[in-house]
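Could you build the full structure based on these sequences and the hints that come with them?
Under this note's numbering, the residues of the sequence shown are numbered 43 to 191, in order.
Treat the hints with caution; some may be incorrect.
[Said to hold, decoys possible] Keeping only pairs whose Cα atoms sit at most 30 Å apart, straight-line, the calculated DSS-like set for lysine-lysine is:
(1) K170 <-> K185
(2) K97 <-> K170
(3) K185 <-> K70
(4) K97 <-> K137
(5) K105 <-> K137
(6) K105 <-> K185
(7) K70 <-> K170
(8) K170 <-> K105
[To be verified] Pair ranges (Cβ atoms, derived):
(9) S83 <-> G176: 27 to 37 Å
(10) G176 <-> Y91: 18 to 28 Å
(11) S181 <-> H94: 16 to 26 Å
(12) Q96 <-> A190: 19 to 29 Å
(13) A190 <-> P101: 44 to 54 Å
(14) S152 <-> P186: 35 to 45 Å
(15) D189 <-> E93: 27 to 37 Å
Honestly, the hints are just simulated from the structure, not real lab data.
Glycine included, C-beta positions come from ideal geometry on N, C-alpha and C.
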Amino acid sequence: MQRTLVLLKPDAVQRGLVGELISRLERKGLLAIGMRMLVPSATTATQHYQEHAQKPFFPSLLKFITSGPLVALALEGDEAVSVVRNLIGATDGRKAAPGTIRGDFSISRSANLVHGSDSPEAAEREMKIWFPEGFVTWSRCDKPWLDAE
Numbered sequence: 043m044q045r046t047l048v049l050l051k052p053d054a055v056q057r058g059l060v061g062e063l064i065s066r067l068e069r070k071g072l073l074a075i076g077m078r079m080l081v082p083s084a085t086t087a088t089q090h091y092q093e094h095a096q097k098p099f100f101p102s103l104l105k106f107i108t109s110g111p112l113v114a115l116a117l118e119g120d121e122a123v124s125v126v127r128n129l130i131g132a133t134d135g136r137k138a139a140p141g142t143i144r145g146d147f148s149i150s151r152s153a154n155l156v157h158g159s160d161s162p163e164a165a166e167r168e169m170k171i172w173f174p175e176g177f178v179t180w181s182r183c184d185k186p187w188l189d190a191e
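And the structure:
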């Protein structure tokens, strides 16, 4: 099993899409092992987006991600990182394929609803930022069917 981080960004919260987006992730068979709603501090947001700190768009990214509440999710599942990336769609919502989260709901590159870790290593680093206390251990009742291949 692989773990990944998903952030439902402030625009997803403000537009009332949290339930729909979590439902899409769960229906794909991903298990939520951590969930919290918060307005991130500038420090937390800077830690999360450290690879963008020297880029020209960083100040606006920081302002956006700290502008209101977001929902942080730790998810677990088979190939969770790539599964989530495929569900999310292209970064630019205007170019994302229909059927993806961004393709169906986003109309912007910057306010693109959701973040998903881009690698298992990034997921591990990011989850330590958002879930320093760890995760809940549990299993879905349909796990035997999901695992039977």
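Next on the checklist: Hints numbered earlier in the text: which of these fail when held up against the supplied structure?
Outcome noted: 6, 9, 11 and 12
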